[in-house]
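> Sequence:
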Amino acid sequence: MKITEFLKHNYRHFNAAALIDAAEGYKTHLDEGGKMMVTLAGAMSTAELGISLAEMIREDKVQIITCTGANLEEDVFNLVAHDYYERIPNYRDLSPEQEQDLLERHMNRVTDTCIPEMEAMRRIEDVILEEWMAADQKGEAYFPHEFFYKILLSGKLEKSYQIDPKNSWLLEAAKKNLPIIVPGWEDSTLGNMFAGHCIAGDVKNVHTVKSGIQYMMYLADWYTENAKEDSTVGFFQIGGGIAGDFPICVVPMLHQDLQRDSIPLWGYFCQISDSTTSYGSYSGAVPNEKITWGKLGVNTPKYIIESDATIVAPLVFAIVLGK
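In the numbering used here, the protein residues as written are 764 to 1086.
By construction, these hints were calculated from the structure, which means they are not laboratory data.
Note that CB positions come from ideal geometry on N, CA and C, so glycine has one too.
Among the hints, erroneous ones may be present.
Said to hold, decoys possible - Computed spacing ranges between beta-carbons, pair by pair:
id, residue 1, residue 2, range
1, 1019, 991, 18 to 28 Å
2, 1045, 1019, 17 to 27 Å
3, 855, 1062, 43 to 53 Å
4, 854, 881, 36 to 46 Å
5, 1062, 853, 46 to 56 Å
6, 874, 924, 20 to 30 Å
7, 784, 976, 29 to 39 Å
8, 991, 773, 35 to 45 Å
9, 929, 1024, 35 to 45 Å
10, 994, 863, 48 to 58 Å
11, 1042, 924, 40 to 50 Å
12, 965, 796, 46 to 56 Å
What the hints assert, rightly or not - Straight-line distance between alpha carbons at most 35 Å, and here's what the computed DSBU-like set of lysine-lysine pairs gives:
id, residue 1, residue 2
13, 938, 1058
14, 1058, 913
15, 939, 901
16, 824, 922
17, 765, 967
Please put together the full structure from these sequences, using the hints given.
Structural data, given as structure tokens:
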């Protein structure tokens, strides 16, 4: 039985039914000529979402991505150091002393998965530092994702690949030169490393890596060019936080701050979230709250799947891909 057949037969109510509705809405949005933004919060790259997201990119089911700095870099960490990762199923039972042991072994834990500092983080640092310094010396500046595109497309890392490269979503994005927005990149391992190299003087100009404000300007231009009344842009949000909050604001910014009233609202919205609706929780807010901020309209198709994105997102993608 195909995955889609299984899901549609069994997923009939509650969050299960919301998953089906959201996936079918995603397909309808694309079928009607729309484009889709996917946003990645949490540690979805370390959860190896690339296995399904890379295929979505290859099949043109995603036209733009917004992600945290962690998701940007952790897909590449996994690409070059997968064999050195350690999984700890009993992570809830670890003592402080056992956590200290992981620190001393340079194993950075993300829930049940440890990222090896030397094989992943420092290996990428060595390669990307060359690009930072080269750009700095030429007086050039690029976005964080553009530096990754440079090193991936250069082939410098190919000998270090430890997974099938077709499962790297960032590599697939690089091949298509897919637009990526990375708000708050400074809050990432490589962001910290970049700050360190600026302090040490290896990079003279801190603006060699472009900022979040420049990302918003870049997104404003992209949205203005791509969002049309007959071909709107949808918003598929995985998790909460800045990966979702930052890009969705481009619409009210264009309307209220630039007075571009003719630009359409987001044409589809879905969020996968385990955040509870509570006082002041934006990640847990129901989609209708976004109407009051000028992000969504009364008739915008809206879905919320209150579940674990590591389980739900690949299933939604399977339906969209027709599996």
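> Take a look at whether the Cβ-Cβ distance between residue 1019 and residue 991 falls inside 18 to 28 Å.
20 Å, holds
> Does 35 to 45 Å hold as the CB distance between residue 991 and residue 773, or does it fail?
38 Å, holds
> Using the C-beta atoms of residue 874 and residue 924, is the stated range 20 to 30 Å upheld?
24 Å, holds
> Is residue 824 within 35 Å of residue 922, Cα to Cα?
Holds. Residue 824 to residue 922 sits at ~29 Å (cutoff 35 Å).
> Hint says 36 to 46 Å; check whether the CB-CB distance for residue 854 and residue 881 agrees.
For residue 881 against residue 854, whose Cβ atoms are near 21 Å apart, the range 36 to 46 Å is violated.
> Just tell me: holds or violated, for the beta carbon distance of residue 855 and residue 1062 against 43 to 53 Å?
44 Å, holds
> At the C-beta level, are residue 1042 and residue 924 separated by a distance inside 40 to 50 Å?
47 Å Cβ-Cβ, so the 40 to 50 Å window holds.
> Okay, residue 1062 versus residue 853 on CB: inside 46 to 56 Å?
48 Å, holds
> Take a look at whether the Cβ-Cβ distance between residue 994 and residue 863 falls inside 48 to 58 Å.
Distance hint for residue 994, residue 863 holds at roughly 54 Å.
> Given a hinted range of 35 to 45 Å, is it respected by the beta-carbon distance of residue 929 and residue 1024?
43 Å, holds
> Go ahead and decide if the range 17 to 27 Å is satisfied by the Cβ distance of residue 1045 to residue 1019.
18 Å, holds
> Hinted pair, alpha-carbon criterion (35 Å max): residue 765, residue 967. Please report holds or violated.
Between residue 765 and residue 967 the Cα gap is close to 55 Å, so the pair fails against 35 Å, i.e. violated.
Hints 4 and 17 from the list above are not met by this structure, while the remaining hints are.
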